[in-house]
Amino acid sequence: MYESQDERWAAVAARDANADGTFYTAVKTTGVYCKPSCAGRPLRKNVEFFETREAARAAGYRACKRCKPDAL
Numbered sequence: 001m002y003e004s005q006d007e008r009w010a011a012v013a014a015r016d017a018n019a020d021g022t023f024y025t026a027v028k029t030t031g032v033y034c035k036p037s038c039a040g041r042p043l044r045k046n047v048e049f050f051e052t053r054e055a056a057r058a059a060g061y062r063a064c065k066r067c068k069p070d071a072l
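Residue numbers (our numbering): 1 to 72.
What the hints contain is simulated information worked out from the structure, not anything from laboratory work.
Fair warning: this is a prediction, and the values are worked out from it, not measured in the lab.
Take the hints with a grain of salt, since some may be wrong.
Quick list of in silico lysine-lysine cross-link-like pairs, PhoX-like style, CA-CA up to 25 Å [said to hold, decoys possible]:
1) K65 with K45
2) K28 with K45
3) K65 with K28
4) K68 with K28
Computed beta-carbon distance windows for the label pairs [claimed, not checked]:
5) G40 with N18: 15 to 21 Å
6) A17 with T52: 15 to 21 Å
7) A55 with E7: 16 to 22 Å
8) K65 with A17: 17 to 23 Å
9) K65 with S4: 26 to 32 Å
10) K28 with E54: 16 to 22 Å
11) L43 with E7: 15 to 21 Å
Note that beta-carbon positions come from the ideal geometry of N, C-alpha and C, so glycine has one too.
Model the full structure from these sequences, guided by the hints.
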């Protein structure tokens, strides 16, 4: 589950808390990474997905202050 880009985007659009911890979203325009259930609403074209928080940080993103993805 949540393996394809489309499945992951569907989870983000639905704010699916069941997806939290299975992948992370990063928003190119803000430089933050989030849990899939985050209340932020980025445009799809600005989102990339990461398997881990560490991978998102290595790509230059910081943790979202709204959903606090490091607090899992």
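To see whether the hints hold, each was checked on the structure:
Our distance criterion of 25 Å between C-alpha atoms is met by K65 and K45, whose separation comes to about 22 Å. The straight-line distance between the Cα atoms of K28 and K45 is roughly 9 Å, inside the 25 Å bound, and the hint therefore holds. Taking the CA atoms of K65 and K28, the gap is near 16 Å; set against the 25 Å cutoff, the hint holds. A threshold of 25 Å between alpha carbons decides the hint, and for K68 with K28 the separation of about 17 Å falls inside it, so the pair holds.
Taking the beta carbon of each, G40 and N18 are about 18 Å apart, inside 15 to 21 Å as hinted. About 18 Å separates the C-beta atoms of A17 and T52, a value consistent with the hinted range of 15 to 21 Å. A C-beta distance of roughly 18 Å is found between A55 and E7, which places it inside the suggested range of 16 to 22 Å. As the Cβ distance of K65 to A17 is approximately 18 Å, the hint placing it in 17 to 23 Å holds.
In this structure the supplied range 26 to 32 Å holds for K65 paired with S4, their Cβ-Cβ distance being about 29 Å. A beta carbon spacing of about 18 Å between K28 and E54 agrees with the range 16 to 22 Å that was offered as a hint. Judged by the Cβ atoms, the range 15 to 21 Å given for L43 and E7 holds: they are separated by roughly 18 Å.
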